[in-house]
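Chemist: Here's the letter readout for the chains.
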Amino acid sequence: NAGVTQTPKFQVLKTGQSMTLQCAQDMNHNSMYWYRQDPGMGLRLIYYSASEGTTDKGEVPNGYNVSRLNKREFSLRLESAAPSQTSVYFCASRSADTQYFGPGTRLTVL
Amino acid sequence: SQQGEEDPQALSIQEGENATMNCSYKTSINNLQWYRQNSGRGLVHLILIRSNEREKHSGRLRVTLDTSKKSSSLLITASRAADTASYFCATKGSNDYKLSFGAGTTVTVRA
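Protein chains in written order, with my numbering: chain A, 2 to 111; chain B, 4 to 114.
A portion of the hints provided could be inaccurate.
As the list claims (entries may be wrong) - Cut-off 30 Å, straight-line C-alpha distance, at most; resulting in silico cross-link-like pairs (DSS-like, lysine-lysine):
# : chain 1 : residue 1 : chain 2 : residue 2
1 : A       : LYS58     : B       : LYS73
2 : B       : LYS101    : A       : LYS10
3 : A       : LYS58     : B       : LYS29
4 : B       : LYS72     : B       : LYS101
Unchecked claim - Cβ pair distances, simulated, as ranges:
# : chain 1 : residue 1 : chain 2 : residue 2 : range
5 : B       : ASN21     : A       : SER85     : 34 to 42 Å
6 : B       : VAL47     : A       : THR109    : 22 to 30 Å
7 : A       : PRO40     : B       : GLN17     : 21 to 29 Å
What the hints assert, rightly or not - Not the full set, but computed from the structure, chain B residues with beta-carbon under 8 Å of chain A:
#  : residue
8  : ASN34
9  : ARG44
10 : HIS48
11 : ILE50
12 : LEU51
13 : LYS95
14 : TYR100
15 : LYS101
16 : PHE104
17 : GLY105
18 : ALA106
19 : GLY107
These are calculated hints, taken from the structure and not from any lab test. Note that the Cβ used here is the ideal one computed from N, Cα and C, for glycine as well.
Bound conformation, chain B alone:
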């Protein structure tokens, strides 16, 4: 069964606006990752946050993690048309080779 669930399922924003999406999960984790998938392509790793971290930045991406609420958020600032994609959170447990993916948030950035 899926560990993570993203919210919202879909998001439409204007170019230049910020996009925020959330991920909730059920069991304890070692780390949480976010991936992007452009239409018809494979997933690309964006950012990883470990269970002992609360916030992480990478370029225009900001990820937060609240282990007490078992939730994470991904913020994309100053969005561009090229950010149009589906975004997936994935969780990794301890002593585990596997990732559990959520169903994703589809983001459309309008010009």
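Here chain A stands alone, though its shape is the one from the complex:
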């Protein structure tokens, strides 16, 4: 099992560009999450999907959209990237109370 996979690993964008971060899990989990991690701030929840077909805002949803494409895949879209969105983005899925994290996408917005 690959667990949780994320693509791309690294990305550099210019202000105003758009992109989609991809996440997939092969553990048949219902719930999936998107976080951002900034220095000294731990992880902050952007959006989550409790089950296929549902999505909900987390702590810092502004500037992002998500799509729960199917049970396996949960994508995060930046429509118009801003320098404040420079961060490391993690996707996770959940089984019972434990979350399983992907390796992250390091995004820089110039």
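Mind docking chain B on chain A? Use the hints.
Modeler: Frame of chain A, contents of chain B only:
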């Protein structure tokens, strides 16, 4: 806003020593979890303690929970170089799908 806060922010110890870090939180919880993050990697779940438990062990890890003080501690005994990582506490409320993470404690184990 973050629910948990870890203390200290950073810790440097000699191999073989014990490492202790603390987590304080603000609101009532269903459980508290600890995760480890190696540099450049995703988080890995270490241990979960429920609100009705006071202490839990897993290998060289010992976690305590004091709900009256809204605090938890993680003890790593006989540390190894491979324990060098950041450690995060995360809290889960009742009827909640979400975890709230603290800012983490960075542990460096010197050979």
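Chemist: Starting from the hint list further up, note which numbers the structure goes against and sort them upward.
Modeler: 11
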